[in-house]
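Asker: In case you want the letters, here they are:
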Amino acid sequence: MSWGSAVRTAIVCLILIMLHYTLRPLLGWRASIDFLLIALVFGAVRVRPAGAAVYGFILGIAADSLALGAFGAGALAATIVGYGASYMKAVFFADNLALNGFFLFAGKWLFEFVYVLMERRMQGMEILMHIVVWAPIAAAVTAVAGVVAVTVLRPILEVRTA
Amino acid sequence: MSGRLDTIVFAGCAILAVVASALPTQMRDPVASGLRRTIVAPLVGLQTSAERWRAAWQESERRTLQADSIALRLAQGNALIVENERLRRLLGLGSRLAWGFIPAEALHMAGRAEDVMTTLTLTAGSKAGVTQYSPVVAPEGIVGLVQTVDPNMSIAILFSHPDFRVCAMTADGSAFGIVYPHLDVRPGRLAERYLLELRNVAFGDTLRAGTAVFSCGLGGAWPRGVLIGMVIDEVKESESWSRTYILRPSVNPAQVSNVMIMTADRRTQGVGNIWADEAEAVARATAVRRIVTAGDSVTREQAMADAAARRPDSTRRASVGDSLRQVVDSVADSLRQAPRQAPRPTVPPAPVPVPPPVARDTIVRDTIVPDTIRPDTLARRLP
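Sequence order for the protein chains is A and B. If you use numbering that gives the first Met the number 0, the first sequence closes out at 161, no skipped numbers anywhere. If you use numbering that gives the first Met the number 0, the second sequence closes out at 382, no skipped numbers anywhere.
Simulated from the structure, these hints should not be mistaken for lab results. The reader is advised that the hints may include incorrect statements.
Claimed, not checked - Some chain A residues well away from chain B (every beta-carbon gap over 10 Å; in silico): (1) Arg-47; (2) Asn-95; (3) Leu-96; (4) Ala-97; (5) Leu-98; (6) Gly-100; (7) Met-124; (8) Val-132; (9) Val-151.
As the list claims (entries may be wrong) - For each label pair, taking beta carbons as the anchor points, the in silico distance ranges come out as: (10) A:Ala-66 with B:Gly-11: 19 to 25 Å; (11) A:Ile-10 with B:Met-26: 31 to 37 Å; (12) B:Thr-63 with A:Trp-133: 29 to 35 Å; (13) A:Leu-127 with B:Thr-122: 55 to 61 Å.
Note that the structure is predicted; figures quoted are calculated from it, not measured. The beta-carbon is built from N, C-alpha and C at its ideal position, and this holds for glycine as well.
Just chain A, same shape as in the assembly (with noise of 0.2 Å):
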């Protein structure tokens, strides 16, 4: 990767990070858009699988010391979605916007549960209710908004073609 293109997609995750702690908020909704988890994402695929864990881990952590019951299993949780996204970015990037919102759903819903089982809150079937119920729908939202996003940002990202 270019400097100019590590400088742009470094501009594009400040951004989408900042929107996670502007316009979240603001938004208030139940099922929310993880911006964080489109940084992440939109990250994680330009760089090696190390790095993606790397980048992972410190999204992870600096968000877990905001919740303080939870921490490390944000951190777990994108470790994980990084990595694996780095690993399949030749499948994950392909210039399809419907793919693309399919593995960013994938990915919220991965992180969802993962960080569901390692923040140990939850029990029984308020568990399952978050895994079944509402994670699909946060990771739908968070998916149409990282569409939304990838067509917005379409020319200054670069999206490789499988």
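For chain A, the structure is supplied; the task is to place chain B on it using the hints.
Answerer: Just chain B now, kept in the frame of chain A:
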């Protein structure tokens, strides 16, 4: 090799995350606190601001809802006050009538606002003792006449119905006539749609505006003494043997919600002077309104008179301005003429080749001196 490195780094990160998750609280908090104070601090600031915005927005929405609720309650409160007043008056009528009446609710048929309402559905029928042609009254006076009776409801024609008639008289019984609905309403004059006409008044009986008109009791349908309305004007006709007056009904059909239906016994026995007080109250209110209107006109005329009194002063000031303007004009004229009066140089100018003569207008337009004498100053200048 690089694939193995990737796996090792990934495993390292995952192990770190699991370790972070398993840390005891006293070890976890300093790490989280350090992160919050350093790299996450700007993001925390952004989140705090965003949440404040959201809280402010929600608070604003809540206050708007509160204001709307208060406004709605206020509107409902006003409607309740009006309804309460109407019901009080109805109770007053009930206590004055004492017997021989059936209370009923009046249901309005939904229609266009510009349509004249001519019928009213009443929630009392033959089971309650309502019969055909029973008079329907309100505390203010006549409403209509029951036309159709069902066991539990009835339909009455209002005084605006084309078939409505009632024999009428003045309070002192000096003039009689027949009241008809005023059907000759011009398009766009919605205010006239519920007016009544008092026809066949003897030519010698002149009624003043504001005279109360009551039912005279002839004909059998209406008892004597129910208030119908007030005279507002006379209809001018070129050839006639009787007079016709326009009446403003004492009841506004659009505002009728509860009525009394008189029974046949009560109709026969009469109602005495029950509506005389109502007529006096209406006359008093009309008089007060006239006094207020007259006061307004006096104030307006006084203001116009004051303005007219001030006008000569301003006219005088304007004439002073005119004379000043004359002085300025004359100075400007003298300045314009000054270059022409300047002495010519003594040294003759060098010979200039004479161009061939061309016929043209040599008068420069701006050299024409305007007439500076104003008509109002002409008399003063003339000897």
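Asker: Run the structure past the numbered hints and jot down the numbers of the failing ones, going up.
Answerer: 1
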